[in-house]
Amino acid sequence: MNDSIVWLTIFVLSVFVGIEVVSKVSSTLHTPLMSGANAIHGVILIGAILVTGSTDSGIAVAVGLVAIVLAAVNMVGGFVVTDRMLQMFGKARPIASKPASDATGPSGDAA
Amino acid sequence: MIPTWVQLAYLAAAVCFILALKGLSSPRTARRGNQLGAAAAVGATVVVFFEADLDHLWLIIAAIAVGAVLGVVGAQRVQMTQMPQLVALFNGVGGGAAALVALIELEELTPFADVVPTFTFVATVFTIFVGAVSFAGSMITFAKLQELITTRPVIFPGLPVAFGGAFVAAIAIAVVAVVSPQLWPGVLLAVLGLVVGALLVLPVGGADVPIVISLLNAFTGLTVAAGGYVLDNTLLLVAGTLVGAAGTLLTKLMASAMGRSLVNILFGALRGGSTLGAGEASDRPVRSAGPQDVAIMLAYAHKVIIVPGYGLAVAQAQHSLRELVEVLDERGIEVDYAIHPVAGRMPGHMNVLLAEAQVPYEKLVEMDGINSDFKHADVVLVVGANDVVNPAAKTTPGAPIYGMPILNAGDAQQVIFMKRSMRPGFAGIENELLFDPKTTLLFGDAKDTMGKLLSAVKAL
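Chains as they are written, first to last, in the numbering used here: chain F, 1 to 111; chain W, 1 to 460.
Here chain F stands alone, though its shape is the one from the complex (with noise of 0.2 Å):
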């Protein structure tokens, strides 16, 4: 089989597979799925290490070490604050009133 073949095959079929993943997904997870799934294709860090490591020219080392800060921001930052999220749903009902740790945080700047 052709190469490109087999490219266009996977590329297809994964299609498939990612519209068939969240065609069930409940509005109440809108948010932390579209958070989810920004969080996945931070993997562009790993087509960052690679072309970083395999380039002499120090303008694209430069440019390189860019992409694999903002890439890294991008997953790490991802999935970090899909569980933030996602820690909400799962907490236990509580009794009592406890007084609020995350809203009153540091007045937040988003970078």
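Hints listed in this document are in silico derivations from the structure and should not be mistaken for laboratory results.
Treat the hints loosely; a few may be bogus.
[Unchecked claim] Rough simulated footprint, nothing fancy, chain W against chain F, three-plus residues with beta-carbon under 8 Å:
1) 29-37
2) 44-56
3) 75-88
In this text, a Cβ means the ideal position worked out from N, Cα and C, and glycines have one as well.
Use these hints to put chain W onto chain F, whose structure you have.
Below, chain W alone, put in the same frame as chain F:
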């Protein structure tokens, strides 16, 4: 040649990503799903160092550390109300990373243009352009949600021409870059991508911005997939395609929850200026009352429905609200929360915000489940919400929210709006329900007023 075990490890990671997305679709499995995805991503990041002999190892590791620290700090410090803009930001940097990777690859492949298949250059050019679009679009979205720039549609004469022109120019440059691969058309294409991304998102109005984030998320997914093809990396291809497909479907689901089509969201503001609301406070007479009066209305009702909105969360009043509901519960009053699918600033956002305030899950009723109950409710308490109960969505063709399904708050005996001012909601249009004879307004900061209301109810 990539070692076989590395390829198998990538396959395992790809399967984990599929299971992660699957897990994220159901409340019980969501957290585990996300953790599985994170584990797979970390594993793949370790494995990549065995794929090839990499130079600049310590620089690479240092850059990963810097990015990881920035990501964790951002993720830990953000408030739940600011979640949409953080997702936009993370998405944007991912798109930017993909575009930079493709630019480097274009430069590296140029000397071998004779032997490299043309389609590889097509994929490279696609990644550069769409990655730049996603980056710029996400940054504008971030700025809008963070209110660094106006949340209202930004339209100027000639915008459609500028957008069309930039787009056509991008295609022309892309063809040049594919036919004779060099760095400069790639750089130019990235710049045009930034322009197109900005012009694409600027005309989108505030309430629609979250849907655009989802769309840009799908875009970034596709760029990562194309990047995977260029780099011969199946994991990137599969992961990117999964996100691209899932993100596209999610965008469609969100848009239909708002009763809008994607075309309408993206280009609606360009087609007719008449769809824009005034965005200013009205001076028509309304009936307002103090916390004591409202406390009496609530305390002697049989059935109360709460409609929470973004304003509630901004004021951090959700904890007082939960306490108020508990007090009402103790008095034997039936209280439910009516959750509009797009309550908050992103679909499902309100569920996150109320979960944070530890409101029991079963008290949150989705729109379809509660809309027929409003006519049996004595009092509807609308806290910091506006557009989701605005009857203009049903009665005013041409209104920006026309066609969006709304909560039928107007069917109740009495409606109480807790509002800071008469300013219109995120969509920028006036709400007729505010002027209805059965409506009472309780002005003030939601947290402050909610506290007063709570003590007034307790005192009864």
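Each hint tested on the structure:
Residue count for the stretch 29-37 of chain F with a Cβ under 8 Å from a Cβ of chain W: 9. That meets the three needed, and the coverage hint holds. With 13 residues having a beta carbon nearer than 8 Å to a beta carbon of chain W, the stretch 44-56 of chain F meets the requirement of three or more and the stated coverage holds. Here's how the stretch 75-88 of chain F fares: 14 of its residues keep a CB closer than 8 Å to some CB of chain W, so the rule of at least three is met and the hint holds.
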